[in-house]
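Chains as they are written, first to last, in the numbering used here: chain U, 304 to 571; chain V, 9 to 438.
Keep in mind that a hint or two might mislead.
With beta-carbon atoms standing in for the labels, derived distance ranges [said to hold, decoys possible]:
#: 1; chain 1: U; residue 1: L571; chain 2: V; residue 2: P261; range: 16 to 26 Å
#: 2; chain 1: U; residue 1: G499; chain 2: V; residue 2: Y95; range: 51 to 61 Å
#: 3; chain 1: U; residue 1: G540; chain 2: V; residue 2: S86; range: 15 to 25 Å
In case anyone wonders, no lab produced these hints; they're calculated from the structure. Bear in mind the structure is a predicted one, so any value in this text is a computation, not a measurement. Glycine is no exception: its CB is placed at the ideal position from the N, C-alpha and C atoms.
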Amino acid sequence: MTEQFTNYSLAALCSVALHTLLVTLLVVGWAPENKPRHVVKPRYIEATLLQMEPKAKSEPKPAVDADAARRRAEQEKKAALEKEAARKREIAKREQAKKAEEQKRKAEAERKEKARQEQLKKEKLQKELAEKKRLEEQKREAERRKAVEQDLASALAKEEDFIDSVSDQEQIGSYSNYIQERIENNWSRPPSARRGMEVILEIQLVPTGRVAGVAIIKSSGNAAFDRAAEQAVYKVGQFDQLKGMDPALFEREFRRFRMLFKPEDLRL
Amino acid sequence: MIRHLICLAGLMALLASPVLRAELTIEINRGADNPTRVAISPILLRSGALPEDVSSIVSDDLQRSGLFEPVDRANMLSYPRTVNEVYYRDWRVLGVEYLVVGDAVRQPDGRIDVNFTLLEVHSERKVFTKQVQGYQNNIRDIAHFVSDRVYEAVTGIRGAFSTRIAYVTAMTDSSQSMVFRLMVADADGARERMLLESREPIMSPGWSPDGKELVYVSFETGRPAIFRQRLSDASREQLTNFQGLNGAPSWSPDGRQLALVLSKDGNPEIYLFDLASKQFTRVTRNFAIDTEPNWTPDGKSIIFTSDRGGRPQVYRQNLASGNVERLTFRGDYNARPRLAPDGRTMVMVHADNGNFHIATQDLITGDLRVLTETFLDESPTVAPNGAMCLYATKRGKSGLLAAVSLDAGVKYFLPARNGDVREPAWSPFL
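Please model the complete structure; the sequences and the hints are all you need to start from.
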């Protein structure tokens, strides 16, 4: 018992893990299904490309004289201011870029999240659909089986009768073939026999298969032909294989039956 | 109230009666066609003995037809003479289907009365009882009469055991010269008697439709001439004496004319000869040889052999319209046609690759069937009941007569004689 348990423990564990995963997935995937579907519009960031001032432009020119020096100083001041402004601008720009970057990342994350959820939703939907389909299939199958069973049950009596009659027909057929063969092997047609002649005999048998009586029901008009047919039956005398026949079948079909003699293999 | 009761009773009866259903009917379309097993119990005189054994003759007759298988007398368990003496079980154990019992009584005037009965063994039924009368010297006629009646009852076809055959024998006498004889015998070859003897050839015997006369060709005058001769008194008359060929006479079914071959106008042609007016009417008009005429049973046409197509083949000419049609197309030689009484089955000499055999051709379906396997078969002639064909064949150096049923089921030779036997002609019913 314990051995068995240990043997199955790994499989059981795996099963539990898989189920847990499945449940988790289902739970995770369940929420958005119930939430109103809000569409997150993607935020597009209009990022303007800033032309960076060439550095060479802000390079101070060396002053040659005082004025020049002053100009140079002024220029330097100006340059410094400009530089400061540029720096500030630069920072602002960087900040802006950073912000844009952040926004972009955020959007990206959001998009990813959305895609993931979408994916999950889809998977879940698919799974659900499959499940639904499976259930439906099962239901249908059950219904079908039930219907068939019902049919079978309702038709059983009929079916049994039918099967009985089929096997009856088969038996009659095979006994008839046997009788036919025995008679054909013993039928010597007179030379006056012609194609188109027909004589119908009524044969009476007893359950042992012995011929008890032969009577002409419909004559061919040719006495020799009629007699030859009768002789064929008398010559057989005993249909041995009829001994094993079901008595009810014998009474119904073979106690008294007819034979039509109608040659088809004659030249004339 | 009573009416209601009657209605109710009727309804009950209706319900109780088995449901109407098609009775089982087994259809038999083929047969084995084996000979019928028959037994002829000895037909004997109450006192004294008959000069011939009637039962053996009947047994032989039936056996030769190929349609019967007579039981050997030695195997019989009893010899009943009358129906009352028959124990059917004795015959059933032998597998006998039909039994003939008979009784012969000699009357004070020497006449012999034979009563005979045909019995069906299985159903223990009498088919018929008949009587036939004869004398000491024609016991064979009595026997053939019995055979004919039994044969007809079982086969549905008239028996031809009481008919005769005519044929020509040729042999050398003690002085080593040829002797030709025109002979007549019973259909089984027995009771042979001579009608004509000649040092010159005798050919082509044929019967008158009443079976009382023969026509034949004899060379006794130095050239072929056609004669007719009565069987009763052997009186004869010469009918033709033309230059050239005078041959192959064939009596018309109405007995008034002969079809024959004359070459008086150049080449062999077929003519009709009116026996009353002695007038000739030319039938064929052809550069080729036209010979061996034979009448169709209705007397309206002549079938004959002609080589107008290059090789001998069989043609039919309607006498009223003169229309000619070729009948044979298979094989490179078809000649000497004779028609069975049904007018449909033609027997002839058929050769393919030089082997001459007797063949039948169905004139409606055109089916050709070679009947014989003997050597150099010729001169076929059909029994008046259309069951058998007699022909001449060769065994060793001598010719003899053989018989074959038209379905080729049975073949036998007639008792061999000294010398050659040729040109058989089977009589009509007598």
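Range hint 15 to 25 Å (beta carbons of G540/U and S86/V) holds or violated:
Taking Cβ atoms as reference, G540/U and S86/V lie about 21 Å apart, which means the hint holds.
Taking the Cβ atom of L571/U and the Cβ atom of P261/V, is their distance within the range 16 to 26 Å?
holds (22 Å)
May I ask you to test the hint 51 to 61 Å on the CB atoms belonging to G499/U and Y95/V?
violated (40 Å)
Checked against the numbered hints above, the structure violates only hint 2.
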